[in-house]
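Place chain B on chain A using the hints.
Note that the protein sequences, when read in sequence, are chains A and B. Numbering (our numbering) for the first sequence: 1 to 59. Numbering (our numbering) for the second sequence: 60 to 202.
Worth flagging that the hints you see were computed from the coordinates, not collected in a lab. Predicted, not measured: the structure shown is a model, and the values here were computed from it. Check each hint, because a few of them may be wrong.
[What the hints assert, rightly or not] If you want a taste of the chain B side facing chain A, the calculated C-beta under 7 Å gives, among others:
| # | residue |
| --- | --- |
| 1 | Lys80 |
| 2 | Ile81 |
| 3 | Val174 |
Beta carbons are placed, not taken as given, at the ideal position from N, Cα and C, and that holds for glycine.
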Amino acid sequence: MKQKPIKGIEKYSDRWVAISEDRSKIVAASKSFNDLYKKVVGKKVSFMRVPPLDVAFSP
Amino acid sequence: MAKTIKLYYQVFPVVDNFGKKIGEVARPFVNIVLNYKHGKMLGPMWALIDSGADYNLFPAEITPTLGINFKKGAPKTNEGIGGKRVKTYRHRGIKIFIEGYSFETSIDFGEEISVPLLGQQGFFDKFKQITFKRPQEEIIITV
Chain A
1 MKQKPIKGIE
11 KYSDRWVAIS
21 EDRSKIVAAS
31 KSFNDLYKKV
41 VGKKVSFMRV
51 PPLDVAFSP
Chain B
60 MAKTIKLYYQ
70 VFPVVDNFGK
80 KIGEVARPFV
90 NIVLNYKHGK
100 MLGPMWALID
110 SGADYNLFPA
120 EITPTLGINF
130 KKGAPKTNEG
140 IGGKRVKTYR
150 HRGIKIFIEG
160 YSFETSIDFG
170 EEISVPLLGQ
180 QGFFDKFKQI
190 TFKRPQEEII
200 ITV
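The shape of chain A in the complex, shown without the other chains:
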């Protein structure tokens, strides 16, 4: 099943985000992983460092 972009992710290029368990939305964001982790501790989320979205990403 092909996936769709996570709603609203275009606002978070190069930032850490916490994504809801059903992957439908971003529940928190921060430039720092530790700040993000503190914001969502205990919540069922996944963590993503969003790659840059305005340039090609070739790590």
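Here is chain B on its own, set in the frame of chain A:
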């Protein structure tokens, strides 16, 4: 009998300089959970399966949450696109969980690494086969 794990590419928007969406790109990002020496479980975390990376490369900023003092690892140097070299520290004994399967591996942590990368040594070599079915945007991992 071999077990297979079926995962999917994640689609990202491509934006212009003003943040306006101008396209989409699919990338083989997968959810993993990390654990170091029976400490805290960290994740799920999205990591990019990168067949061009020699080793697993992760941002150093997640190490305090894992209970790792990252500069106590074995120092390494990694060179990426454009010939840029970055200093990393390798830590062993890290467990990665992926869709009910787990294995112990090493990860190189660096302050200049942003997106977690799953590379050839420490990820690809832990499986019998990894197949990228790009038209279907599927990743089939055989364990």
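B/Ile81 as chain A interface residue, shortest Cβ-Cβ below 7 Å = With a closest approach of 9 Å, the B/Ile81 hint is violated.
task = So, B/Lys80 near chain A? Judge it on the closest CB pair being under 7 Å.
result = holds (6 Å)
task = Have a go at the B/Val174 hint: is there a Cβ in chain A nearer than 7 Å to its own Cβ?
result = Interface hint status for B/Val174: holds (5 Å vs cutoff 7 Å).
Hint violations for this structure: number 2 only, all remaining hints satisfied.
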